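Full structure from sequences and hints, please.
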Amino acid sequence: MRITCPICGERDRREFYYVGDAVALERPDADAPPEAWHGYIHLRDNPCGVTRDLWYHEQGCAAWLVVTRNTATHEVLGVALASDEKGEAR
Amino acid sequence: MRIGGEGPIGRGRRIGFTFDGRAYQGLAGDTLASALLANGVRVMGRSFKYHRPRGVMTAGSEEPNALVTVGRGGLQEPNLRATQLELHEGLAARSQNRWPSLTFDILALNDLASPFFGAGFYYKTFMWPRAFWERVYEPMIRRAAGLGALSGAPSDLRVEKAWAHCDLLVIGAGPAGLMAALTAARAGADVIIADEDTRPGGRLNAETIEVDGVPGRDWAAEITAELSGMDNVRVMTRTTVTGAYDGGTYGALERLAPEVAARPGAPRECFWRIVARRAVLAAGALERPIAFANNDRPGVMMAGAVRAYVNRWCVSPGRSVAVFGNNSDAHRTVADLLAAGVHVSALIDARHDATCSLDVPFYPGAQVSNAHGRCGLEAVSILTPSGEEKIEAECLAMSGGWNPSVHLTCHMNGRPDWREDIAAFVPRPGAVPGLVAAGVARGDFSTRACLQGGVAAAREALTALGRTAPEIDIPGAEDSRYDITPIWSVPGRGRAWLDFQNDVTVKDVRLAAQENFRSVEHMKRYTTQGMAPDQGKNSNVNALAVLADATGRAIAETGTTTFRPPYVPVSIAAMGVGGRGKGFAPQRLTTSHELSVARGAPMIEAGLWYRPSYFPAPGESHWRQSCDREVLMVRNAVGVTDVSTLGKIDIQGPDAAALLDLVYANTFSTLKPGRVRYGLMLREDGHVMDDGTTARLGENQYLMTTTTAAAGLVMRHLEFVHQCLRPDWDVRMVSVTENWAQFAIAGPKSAELLNGLLDAPVADADWPFMSCGPVSVGGVGARLFRISFSGERGYELAVPARYGEALFRELVARAEPLGGGPYGMEALNVLRIEKGFITHAEIHGRTTAFDIGMGGMVSKAKDCIGKAAAARPGLSGEEREQLVGLKPVGTVKMLVPGAHLFEEGAEAVSDNSQGYITSAAFSPTLGHFLGLGFLRNGRARHGQRVRMVDHLKGVVAICEVQDPVQYDRDGGRMRG
Amino acid sequence: MVELAPKSPLAGLVPVTVGRMTLTEVDLGRLTSVAPYRGRDEGLSEALKAAHGIAAPEPGRVTGRVAARASGRDEACAIWFGQRMFLLAGADPDPALAQYAALSDQSDGWACARIQGRGATQVLARLTPIDLRPAAFRRGHTARTELQHMAASITRLGEDDYLILVFRALAGTLVQDVRQAMQGVAARGGG
Amino acid sequence: MRFSGLRVLREGLTGNRGWQAHWRDATPRPEYDVIIIGGGGHGLSTAYYLAKNHGLTNVAVLEKGWIGGGNVGRNTTIVRANYFLPGNSEFYSHSLKLWEGLEADLNYNVMHSQRGQISLFHSDAQRDAAVRRGNAMRNQGDDAILLDREGVRRHLPYLDFDNARFPIYGGLLQPRAGTARHDAVAWGYARGASERGVDIIQNCEVTGIDIDRGKVTGVQTTRGAIKAGKVAIVVAGRSSQVAAMAGMRLPIESHVLQAFVTEGLKPCINHVVSFGMGHFYISQSDKGGLVFGGDLDFHASYAARGNLPMVEHVMEAGMALMPMIGNARVLRSWGGIMDMSPDGSPVIDRTHIEGLYLNCGWCYGGFKAVPGSGWSMAHLVATGEPHKAAARYRLDRFETGRGLMDEEGTGAQHNLH
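Sequence lines, in order, name chains Y, U, G and F. Each residue of the first sequence is one higher than the one before, counting from 1 in this note's numbering. Each residue of the second sequence is one higher than the one before, counting from 1 in this note's numbering. Each residue of the third sequence is one higher than the one before, counting from 1 in this note's numbering. Each residue of the fourth sequence is one higher than the one before, counting from 1 in this note's numbering.
Each hint should be verified, as a subset may be incorrect.
[Said to hold, decoys possible] Output of the computed footprint for chain U on chain G, the stretches with three or more beta carbons under 8 Å from beta carbons of chain U:
no.: 1; segment: 4-15
no.: 2; segment: 51-57
no.: 3; segment: 107-114
no.: 4; segment: 145-156
no.: 5; segment: 168-175
no.: 6; segment: 183-190
None of these hints come from the bench; they were simulated from the model. In this text, all values refer to a predicted model and were calculated from it rather than measured experimentally. Each residue gets a CB set at the ideal place from its N, CA and C atoms; glycine is no exception.
What follows is the structure, encoded as structure tokens:
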């Protein structure tokens with residue numbers, strides 16, 4: 001698999017560390033109810049198809065990335081900097 | 001035997017080699033198979049299950065029968081295809097899976113018992129008596145099974161891995177591949193063309209076909225010459241593309257030519273990772289056998305292989321050859337044989353309407369029903385419309401039609417499409433993104449169609465690459481129609497082989513269907529059809545045709561099993577090169593490494609780092625002696641140890657404090673510049689991730705210390721928190737671990753040692769416990785931290801790494817007169833256990849702040865990573881196992897890390913387990929063993945007695961539960 | 001006063017010569033990681049030009065004459081080093097930079113090696129997954145990537161001429177891995 | 001029909017004409033007492049024990065493809081009971097005991113081979129962890145032997161003892177651990193269940209779960225609606241999709257785990273060996289192929305195929321540990337879809353919907369669990385109460401934090417196992 005880092009360009013998958021569903025970006029507020037935290041930490045849609053997940057270009061530029069990807073075909077549909085996505089989110 | 005002819009081999013020089021110890025001669029350009037055939041050797045192997053004699057059947061990597069072993073010891077390679085093995089001086093090949101010899105094999109008895117060894121027989125027996133399975137049945141089966149053998153010696157194959165990048169990868173250098181490469185190359189694209197064979201040309205090397213009015217192989221040579229001359233083209237021969245992976249990544253195995261591999265330092269094989277924006281699959285097709293009784297006799301071969309041996313290697317597989325086919329290739333074979341002067345005893349064409357212009361005995365509408373001659377074909381029986389006949393032949397060339405090489409297109413779970421007109425599967429377009437099939441691989445069988453197909457495929461790729469294809473004229477070549485009437489198996493009573501390697505016959509497949517293994521996957525798994533080294537290349541389509549017939553379904557409906565990588569087997573050594581010995585992981589060495597080794601310190605792995613275990617003094621013969629001495633040395637004088645391996649992260653910016661408050665359970669925004677604080681870090685799931693001291697160097701600058709093991713993990717975590725949770729914060733962080741050599745100086749005389757070294761001495765007034773700041777050593781700017789992991793007055797002195805070795809030498813030299821010296825990990829561990837300081841033995845990923853008695857550190861005043869999850873009811877409370885100190889108080893005086901704890905008198909079984917010991921050591925300071933461990937509701941049980949049981953070493957000890965801090969509880973010595 | 005003798009990361013490990021290729025140690029002088037604060041990139045670049053005569057490098061690029069610096073010329077250059085970070089080499093960072101960026105001394109953190117000679121590109125093609133084709137990775141291009149099992153910074157100085165940075169503590173492994181690749185390439189007749 | 005050596009002889013002499021279908025291909029009936037979604041190892045063993053232990057035979061196993069086509073047919077066939085945390089410890093211990101009687105019970109040779117497994121350790125810290133594990137195994141009544149370096153050398157002389165990057169300190173040996181012929185396990189359970197009246201229905205994909213006022217009433221399938229008062233979801237690898245039909249979100253991510261087999265070789269590896277530093281485990285099949293695997297590819301995937309970085313890492317680990325296998329050639333590689341739970345341990349539990357039961361989250365421990373999982377699941381479905389061996393496999397443990405089973409200690413969070 002190859003991922004196009006917005007900073008470094010297209011790189012082999014081995015340069016990246018994976019952390020899972022991009023839901024990790026949406027950390028609940030400190031006073032959110034337990035269900036919110038349970039959902040954040042544990043529950044996943046885990047789709048067989050298009051998903052957004054978080055990758056870290058650990059052996060490259062050290063940027064955290066949001067990768068839009070198909071879990072059935074491994075096709076990579078888009079890559080963005082997590083910090084930008086987060087910027088849009090707030 | 002060798003015959004005359006125009007084959008390139010004709011001019012080859014003589015080469016000596018041996019097979020099973022017998023000396024033979026071949027010619028340069030021979031494969032082992034062609035050379036053995038030339039020498040009249042017919043039996044080259046034994047089959048897997050029935051140990052039947054087998055001869056060579058093909059001329060390529062798909063060869064199922066002629067598998068041999070070459071080399072000895074670390075160079076012993078089993079299961080090499082004689083059809084691929086290039087003959088070279090001194091080649092010594094051995095046959096396999098036979099005992100005592102290839103011609104006389106005891107286990108051939110299995111063949112007689114075949115009625116009882118049908119598909120899946122072992123699922124139905126060998127069950128009684130139970131104990132016999134491991135002791136009798138299984139060893140018996142294992143000995144009989146298997147093909148070649150490993151020597152047991154470590155692999156000495158020189159191999160390498162490499163990367164290549166290109167615009168277009170062309171897989172296969174036959175007519176289609178060469179035209180595709182030429183078209184793309186002339187358009188200026190970076191092209192890699194890879195072919196399994198030693199020379200480009202594909203089938204052209206094996207046929208008498210002409211291209212552009214010259215012999216096909218000469219045309220291929222011309223095109224190859226042009227390609228090789230272009231610097232945007234890489235022609236890779238002896239290179240098999242083994243797998244198609246995501247993102248246009250392909251695996252390929254290159255076998256270097258024997259003469260190159262023989263050079264000192266040269267690799268034997270190279271495993272390539274090829275990254276291609278587009279690819280053309282021009283891998284041709286594999287001819288398929290026809291199933292009839294005893295079709296596995298030595299001498300029964302594929303017609304295309306026979307043409308290859310005759311035309312390319314000038315070898316006739318027999319004095320008289322019969323040809324059996326269901327398509328036009330049979331006739332081409334006869335023509336080539338006649339032209340080469342080989343006697344053809346019959347042309348048997350299963351097609352009733354077939355006609356023949358050649359001067360040979362011709363049997364239209366006939367089929368071969370049996371083959372005779374156990375160790376070499378003597379005759380075949382045929383069924384003609386007018387009855388049965390026997391025909392003499394030393395070789396039967398059979399052609400059941402061709403299967404396009406769709407394999408790579410299935411590597412991403414793609415399924416091929418069935419084409420009734422050619423009775424074969426063809427690649428499904430788009431099965432591998434960016435890859436298009438061309439030529440025979442796509443079902444276009446005439447040479448002309450291949451040449452056109454190659455150009456068309458290249459055009460498609462060039463368009464996708466945004467390049468314009470040049471005008472290119474298609475060379476003239478035969479454009480005959482491929483005409484086939486499928487036959488999968490000839491009716492009859494004997495065993496007709498489908499999978500030659502795994503000894504799977506038509507009967508086995510029918511039995512599988514009878515027992516309800518009707519899904520093609522079930523049939524495969526039940527009969528082992530297609531699971532041998534050729535991965536069913538020779539047999540899958542025939543087998544599923546038989547299954548389709550047995551289950552009354554169409555072939556398309558029956559479906560296929562999935563071809564998986566690799567296309568041809570690849571050695572573990574080739575894909576795993578770099579993993580051998582020390583190469584498996586990088587070695588991180590501290591600046592004091594050489595000096596420590598020179599002092600005889602055993603170096604032990606700590607993550608990727610190496611750290612000294614202990615420093616043996618003269619007369620010390622056991623590590624405990626050194627360890628005890630080093631511990632007392634630190635307690636009574638001064639010790640020096642390298643702590644550079646701990647992670648150091650420089651955190652700067654206006655929001656540095658905010659970041660630390662979020663990642664640490666406790667608060668750092670309140671820390672004063674010039675001060676150090678212990679920090680506890682949680683994972684978001686509420687468990688402890690790591691701990692360490694963090695210093696505030698300035699208003700907006702902190703220096704975080706992590707444990708050695710978690711340094712990378714913490715760095716990643718900090719970047720996550722910043723980039724993914726609070727990108728709005730203005731903070732920057734960078735690892736400075738490698739920039740500094742840092743040494744702990746611990747013990748009552750640490751200040752004395754330090755002040756003898758610093759350019760300006762430090763006084764306690766300015767340097768209280770947990771303070772830090774800049775100092776100077778020999779004019780070198782350094783950093784000093786007054787912290788302690790030993791419980792004694794201690795400092796950590798950090799200098800730029802280039803001075804590390806010199807500083808360590810100085811520190812040790814100056815410590816010794818004070819009764820001090822260096823100490824290692826063993827002593828460091830004892831010291832911290834005495835003090836109840838935790839390491840990853842305690843914070844092993846399952847412990848919470850509550851468990852280790854630091855629940856109070858989780859600030860109520862602020863949010864932090866892991867705070868919410870830590871509040872879950874299950875993460876605190878009396879049911880939790882809590883950190884305690886332990887000391888043996890019974891007759892047995894030792895403690896064992898990993899031993900479990902039970903109430904006195906309780907049986908040592910799971911339900912009674914109250915906890916376990918995480919760390920234990922003999923404390924020379926206190927004169928007895930000490931332990932740290934986790935005990936259910938342990939903090940409430942100080943003073944109670946528990947029983948430690950280690951079943952493995954048979955140690956049982958009564959211990960008293962204590963506070964984890966078992967030495968200098970008030971910390972007076974540390975604060976000084 | 002105590003005398004502390006410095007020791008360079010690759011001391012005693014290089015030079016390594018195989019075929020036409022050599023692996024040597026390079027002294028890049030003072031190394032400082034420079035990480036611009038939010039919205040200070042332009043200010044930083046200006047300050048950098050003013051103080052050191054070079055601009056801040058774009059991702060994957062260098063500014064200044066890295067090859068000259070690597071050959072021992074006493075001049076400053078900047079090597080892109082990761083997201084929001086570059087490495088200032090060969091100069092003591094002007095204090096003014098500190099208001100625009102986080103500065104960390106890295107002078108002792110990195111083993112700096114140079115591989116030159118015909119075959120050098122083939123050697124790297126055995127160790128790193130990045131695309132080294134001249135069109136994709138030109139002179140003056142730099143990348144953070146893998147070298148065998150190590151994180152590395154690789155900069156192209158010429159056709160068969162590269163600057164390689166890995167953690168100081170990995171110097172031995174670097175030399176080991178590169179030497180092995182050099183031998184393979186040379187034996188094939190490539191170097 | 002009873003299988004035996006005599007039967008094989010008799011059939012052999014009479015042209016093997018008497019062999020019958022190992023299991024009946026049933027067509028769906030309108031209603032069952034219990035529907036099991038998933039014809040893998042766990043689903044089939046659940047059906048078998050429902051019939052055998054609880055007399056429930058009006059049961060259907062619905063399989064969207066062919067039975068045994070999931071992970072039971074795609075694993076590295078290792079059977080062991082060497083867990084150390086409460087919950088896993090008793091469960092796998094129970095499962096191993098069932099394995100030991102499986103051939104006799106099923107009258108089907110699944111070739112369960114107790115050849116012994118050795119887990120190597122490479123540091124003092126790993127040794128201490130192994131001692132804790134070994135003691136947990138012994139506390140549970142299972143077998144565990146601590147080997148020092150020389151002890152390991154006696155069993156596995158071919159390991160790299162001299163030049164290894166991570167030296168071998170010793171190993172934890174479980175003599176009763178070993179391997180089994182994975183496909184045969186599925187077929188054996190299918191045959192046993194079928195003989196007892198269970199309907200095994202292939203090519204029948206569940207497309208919906210019918211729920212009425214909090215109670216399950218049946219399922220919708222590609223072959224029509226089927227009623228049932230009890231429905232069991234046993235589809236590890238696809239759990240999220242099927243649970244979603246009941247409106248549930250699970251603490252599950254699906255990942256690909258690759259496995260590899262070499263060409264057939266004469267016997268050279270007689271144990272199951274696992275490498276403590278490199279995520280590498282290996283054994284040799286009775287056919288002679290070296291069967292081995294490593295770690296997850298580490299990204300959510302349903303593709304059941306892997307990529308080169310992990311392939312190479314696994315091969316490198318193999319070369320680091322036992323360079324003796326270097327000249328063996330990898331014949332085939334494949335991938336399975338792992339149902340990864342946050343703490344790396346499974347779930348066998350009721351759901352908030354009455355009559356709907358869940359069996360998921362097997363991570364990469366599913367194969368050896370097949371007998372124990374079916375036994376416990378059958379007990380749960382039949383009685384409504386968890387079996388004592390699986391009492392801790394509760395779905396709510398993540399919410400409450402009670403009884404998390406993070407064997408690896410990497411964290412009860414996703415993507416850390």
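The hints, checked one at a time:
1. Residues of the segment 4-15 of chain G lying with their CB closer than 8 Å to a CB of chain U number 6, which satisfies the three-residue condition for coverage.
2. For the segment 51-57 of chain G, the proposed coverage by chain U is not satisfied: 0 residues have a C-beta within less than 8 Å of a C-beta in that chain, short of the threshold of three.
3. Counting residues of the segment 107-114 of chain G whose beta carbon lies closer than 8 Å to any beta carbon of chain U gives 4, which meets the minimum of three for the stated coverage.
4. Figure legend: the segment 145-156 of chain G, annotated as covered by chain U; annotation consistent (3 residues with Cβ-Cβ distances under 8 Å, at least 3 required).
5. Coverage of a stretch by a chain is defined here by at least three residues with a beta carbon nearer than 8 Å to that chain's beta carbons; for the segment 168-175 of chain G and chain U the count is 6, and the condition holds.
6. Check on the segment 183-190 of chain G: 6 of its residues sit with their Cβ under 8 Å from a Cβ of chain U, so the three-residue criterion for coverage holds.
The earlier numbered hint that this structure contradicts is number 2, and it is the only one.
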